[in-house]
Amino acid sequence: MGAIPDKDSKTVLKEIEEMLADGLKTQTEPFPETAVEFSKLLDELRALEPDDLEGRLVIGGFTDYPYGEDEMRCQECIYYLVHRKWCDLPELSVPVEPNWWCRLWKI
Amino acid sequence: MANLLWLQGGACSGNTMSFLNAEEPSAVDLVTDFGINILWHPSLGVELGDNMKALMESCVSGETDLDIFVFEGSVVNAPDGTGEWNRFAGKPMKEWVKALSEKAQFVVALGDCATYGGIPAMAPNPSESNGLQFLKRERGGFLGSDFVSKSGLPVINIPGCPAHPDWVTQILVAVASGRAGDLTLDEFQRPKTFFSSFTQTGCTRNMHFAYKVSATEFGQRKGCLFYDLGCRGPMTHSPCNRILWNRQSSKTRAGMPCLGCTEPEFPFFDLAPGTLFKTQTVMGVPKDLPTGVNKKGYIKLTGAAKSASPEWAEQDMFVV
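Sequences listed follow chains A and B, in order.
Its first residue numbered 1, the first sequence is counted upward by one per residue in our numbering.
Its first residue numbered 1, the second sequence is counted upward by one per residue in our numbering.
These are calculated hints, taken from the structure and not from any lab test.
On a predicted model such as this, the values are computed, not experimentally measured, just so you know.
It is possible that some hints are incorrect.
Stated by the list, open to error - Some chain B residues flagged as far from chain A (calculated, every beta-carbon gap over 12 Å): (1) D29; (2) G35; (3) N51; (4) E57; (5) D65; (6) A89; (7) G178; (8) T204; (9) M207; (10) V213; (11) S214; (12) Q280; (13) M283.
Said to hold, decoys possible - Calculated pairs, SDA-like style, for lysine to any residue (alpha carbon to alpha carbon, straight line, at most 25 Å): (14) B:K222 to A:A3; (15) A:K40 to B:L271; (16) B:K287 to A:P30; (17) B:K103 to B:G90; (18) B:K287 to B:T216; (19) B:K295 to B:G284; (20) B:K278 to A:Q27; (21) B:K296 to A:D70; (22) A:K40 to B:G90; (23) B:K103 to B:D67; (24) B:K300 to A:V82; (25) B:K192 to B:G202; (26) B:K278 to A:T34; (27) A:K10 to B:E311; (28) B:K296 to A:F31; (29) B:K287 to A:E91; (30) B:K278 to A:L48; (31) B:K296 to A:P66; (32) B:K222 to A:S9.
What the hints assert, rightly or not - Covered, in the sense of this in silico footprint (three residues per stretch, anywhere, with C-beta under 8 Å from a C-beta of chain A), are these stretches of chain B: (33) 269-275; (34) 298-311.
Glycine is no exception: its CB is placed at the ideal position from the N, C-alpha and C atoms.
Could you build the full structure based on these sequences and the hints that come with them?
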């Protein structure tokens, strides 16, 4: 796993923005309540082809807006690198916007 | 001259290996400079067979003074409380432990197995292992909660998997040189001089902890290991980042999460799948927060810290 091969971060970010804006259905539920459930999602992500961007977004449950009553978002997630605008979870490794969210969110 | 006898129960010899690497003072210094007479030690003892048995019987009878009794490893009680799974010099080791503890001026439990039961005592505890005076957090253990050695002190617990060599030798020197009265023990009978601060105290990743930047893989040269990799540094009492290992580093400095091996519950969650090297969370929030921090405060702090995070916090740093 790792960053999408042969593509710069801005290009990938734009691709993700477009996919989400076009209504890509992602699996926002169920939220992994425990570390064991979280690990299962990581296993699913690891099984994807390295260039399967859509697969990462779908399994990750990405949204292009804050999620839930608490308005959870990437900005507060521990995997989010603020200055790089990057999700540093090795199984995702994608550029993200601070107001997005995914179900691997963790603080 | 203080006579010291060292035995091993349900043990891997890890604490012996650690002890033999001690530098300040070294194992040799204990003998040459601090007047400790090592009657017997599993790796250093000269006596074998009947001679070894006679030596121990001499300690039990009172013919030989036993000043310090060090026990490494768990007290094995299986099967069915007999202790037959761990026989030594003609009888269950637990019988020697009981008899020698009653005769010793000081009893020292060394390593997590001897102190709290450690790995052998994790569920379902097939070896019926016990610590000397605790079973995990529960006071009592093999010797019972009321036990005190001849000096009037309870068992002195030096936990760790293994214990740092200097913790061991410095405590032995304090005891042998008549300064045991200076030792104050915490609720789990650990010397406060070593076990009052946290593993996190002195960790070079504290700035990443503060700015909520996470390490996501072992050995990474940025990020705090608490958020994702299950590091227990913020809630584990040990001086691992004050008294460095090999005088130069520590687990967390090198990018390896603290496993909390100086705490009674170690190994946490009985090593159930998915619990090792992974921060346990409930709905995305760590189950075990740093000692003294509540959930609400933690969430607020995370938001503020991320907002204030400087660019350098996302870059690799120098680590030893």
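Hint by hint, here is what the structure shows:
Its beta-carbon lying about 45 Å from the closest one in chain A, B:D29 satisfies the requirement of being farther than 12 Å from that chain. No Cβ of chain A approaches the Cβ of B:G35 within 12 Å, the least distance being about 51 Å, so the stated non-interface status holds. At roughly 53 Å from the closest C-beta of chain A, the C-beta of B:N51 stays outside 12 Å, upholding its exclusion from the interface. Distance to chain A confirms B:E57 as a non-interface residue, since its nearest Cβ pair spans about 52 Å, more than 12 Å.
Interface exclusion of B:D65 from chain A stands, the closest Cβ pair being 52 Å apart, more than 12 Å. At the 12 Å boundary, the C-beta of B:A89 stays outside the reach of chain A, the nearest C-beta of that chain being 45 Å off. Every CB of chain A lies more than 12 Å from the CB of B:G178, the least distance being 49 Å, so the non-interface label holds. With a least CB separation of 19 Å from chain A, B:T204 remains clear of the 12 Å interface cut-off, as annotated.
Even its closest Cβ contact with chain A, about 14 Å, leaves B:M207 beyond 12 Å, as expected for a residue assigned away from the interface. Under the 12 Å C-beta cut-off, the non-interface status given to B:V213 relative to chain A is violated; the minimum distance is some 7 Å. In this structure B:S214 is not separated from chain A by more than 12 Å, as the shortest Cβ-Cβ distance comes to only about 4 Å. The claim that B:Q280 lies off the interface is violated: its Cβ sits roughly 5 Å from the closest Cβ of chain A, which falls inside the 12 Å cut-off.
The non-interface label for B:M283 is inconsistent with chain A: the shortest C-beta to C-beta separation is roughly 6 Å, within 12 Å. Distance restraint check for B:K222 and A:A3: the Cα-Cα separation of roughly 18 Å lies within the 25 Å cut-off, and the hinted pair is therefore satisfied. Only pairs whose Cα atoms come within 25 Å are accepted, and A:K40 paired with B:L271 is accepted, the gap being roughly 17 Å. A threshold of 25 Å between alpha carbons decides the hint, and for B:K287 with A:P30 the separation of about 19 Å falls inside it, so the pair holds.
Between B:K103 and B:G90 the CA atoms are separated by roughly 20 Å; this keeps the pair inside 25 Å, and the hint holds. For a cut-off of 25 Å, the pair hint linking B:K287 to B:T216 stands: about 18 Å separates their Cα positions. Simply put, B:K295 and B:G284 have alpha-carbon atoms about 11 Å apart, close enough for the 25 Å limit, and the pair holds. Between B:K278 and A:Q27, the direct Cα distance comes to roughly 23 Å. Compliance with the 25 Å bound is thereby established for this hinted pair.
Between B:K296 and A:D70 the CA atoms are separated by roughly 12 Å; this keeps the pair inside 25 Å, and the hint holds. With a C-alpha separation of about 51 Å, the suggested pairing of A:K40 with B:G90 is violated against the 25 Å cut-off. A hinted pair counts as satisfied when its Cα atoms are at most 25 Å apart, and B:K103 with B:D67 qualifies at roughly 8 Å. Between B:K300 and A:V82, the direct Cα distance comes to roughly 17 Å. Compliance with the 25 Å bound is thereby established for this hinted pair.
With a CA separation close to 17 Å, the supplied pair B:K192 and B:G202 stays within the 25 Å bound. Proximity of B:K278 to A:T34 is assessed by CA-CA distance (about 11 Å); at most 25 Å being required, the pair is judged to hold. Using a Cα cut-off of 25 Å, the hinted pair A:K10 and B:E311 holds, with the two alpha carbons roughly 19 Å apart. Proposed proximity of B:K296 and A:F31 is supported: the alpha carbons are some 20 Å apart, at most 25 Å.
Taking the CA atoms of B:K287 and A:E91, the gap is about 22 Å. The hint holds against a cut of 25 Å. Simply put, B:K278 and A:L48 have alpha-carbon atoms about 22 Å apart, close enough for the 25 Å limit, and the pair holds. The hinted pair formed by B:K296 and A:P66 meets the criterion: a straight-line CA distance of about 19 Å does not exceed 25 Å. At most 25 Å may separate the alpha-carbon atoms for a hinted pair to count; B:K222 and A:S9 meet this at roughly 21 Å.
Judged by the Cβ-Cβ criterion of 8 Å, the region 269-275 of chain B is covered by chain A as claimed, because 3 of its residues qualify and three suffice. Beta-carbon proximity to chain A at under 8 Å applies to 8 residues in the region 298-311 of chain B; the threshold of 3 is reached and the given coverage holds.
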